[in-house]
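Count along the sequence shown from 1, then add 170; that gives the number in the numbering used here.
Worth flagging that the hints you see were computed from the coordinates, not collected in a lab.
Hints should not be assumed to be uniformly reliable.
[To be verified] Listed next, the in silico DSS-like pairs over lysine-lysine satisfying Cα-Cα at most 27 Å (straight line):
no.: 1; residue 1: 299; residue 2: 210
no.: 2; residue 1: 305; residue 2: 292
no.: 3; residue 1: 308; residue 2: 292
no.: 4; residue 1: 226; residue 2: 210
[What the hints assert, rightly or not] If you anchor each label on the Cβ, the simulated ranges turn out as follows:
no.: 5; residue 1: 315; residue 2: 179; range: 52 to 58 Å
no.: 6; residue 1: 181; residue 2: 311; range: 53 to 59 Å
no.: 7; residue 1: 327; residue 2: 261; range: 26 to 32 Å
no.: 8; residue 1: 301; residue 2: 281; range: 18 to 24 Å
no.: 9; residue 1: 325; residue 2: 240; range: 19 to 25 Å
no.: 10; residue 1: 279; residue 2: 329; range: 16 to 22 Å
no.: 11; residue 1: 208; residue 2: 234; range: 37 to 43 Å
no.: 12; residue 1: 206; residue 2: 306; range: 25 to 31 Å
Just so it is clear, CB atoms sit at the ideal spot from N, CA and C, and this is done for glycine as well.
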Amino acid sequence: MQNGKQRGFAYLSVMIMVAVMSIMAFQLSGSLSVRMNRGKEADLLFNGNQIAQAVKSYFESGPVRGCYPPNFEALLEDRRDFQTRRHLRMAYSDPMSAPASVDGGWGILRDHSERIIGVYSKSTDTPYKQHNFPKHQKDFEGKTQYSEWQFLVKGSKVKPASAAICNQ
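Using the sequences and the accompanying hints, generate a full structural model.
Structure representation (structure tokens):
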């Protein structure tokens, strides 16, 4: 039989263990969330870069060089020439927003003739990465929202063709 001093000790021990485990689980879930978001951020950089490279490849090839693609489908299947060319292996989506359409949920940057010159994320979340970007993404440094990261064609030696030629 228990005396008065021992009554409730096991219950108190279990309650303390539950509290400690809850705190540890809360901290672990926070770090997992950050790790998952950093993974999405890395995917955003990769996917956006793949699309920018595909736009550049489209721009620099074909029977008339210097034309941007009219839509995403043209990056997946470029039929301007005798042989179909695939500038983009697959339709990369924006990992920060839900892919709601053919464009993968990206915000689309267009030129004056409504052709695709690049993409950006529609997410207004704050990026974790703020520094140490590759040379072609140096303008991403210090941005406060993912939507400010614009994936554009850079470094092309081909001059843009006129809208009249590209829209034929």
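Checked hints:
Distance check on the hinted pair: residue 299 and residue 210 sit about 11 Å apart at the alpha-carbon level, within 27 Å; holds. The suggested pairing of residue 305 with residue 292 holds, with an alpha-carbon distance near 23 Å, which does not exceed 27 Å. Restraint check for residue 308 and residue 292: satisfied, since their Cα atoms lie roughly 20 Å apart, inside the 27 Å limit. Using a Cα cut-off of 27 Å, the hinted pair residue 226 and residue 210 holds, with the two alpha carbons roughly 24 Å apart.
The hinted window of 52 to 58 Å between residue 315 and residue 179 holds, with their beta carbons roughly 53 Å apart. A C-beta distance of roughly 55 Å is found between residue 181 and residue 311, which places it inside the suggested range of 53 to 59 Å. Range check, residue 327 to residue 261: about 28 Å between beta-carbon atoms, so the 26 to 32 Å window is met. Residue 301 and residue 281 have their C-beta atoms about 31 Å apart, which leaves the hinted 18 to 24 Å range violated.
Evaluation of the 19 to 25 Å hint for residue 325 and residue 240 yields a pass: the beta carbon distance comes to about 23 Å. Look at residue 279 against residue 329: about 19 Å separates their beta carbons, and that is inside 16 to 22 Å. Taking the beta carbon of each, residue 208 and residue 234 are about 42 Å apart, inside 37 to 43 Å as hinted. At roughly 26 Å, the beta carbons of residue 206 and residue 306 sit within the given window of 25 to 31 Å.
Hint violations for this structure: number 8 only, all remaining hints satisfied.
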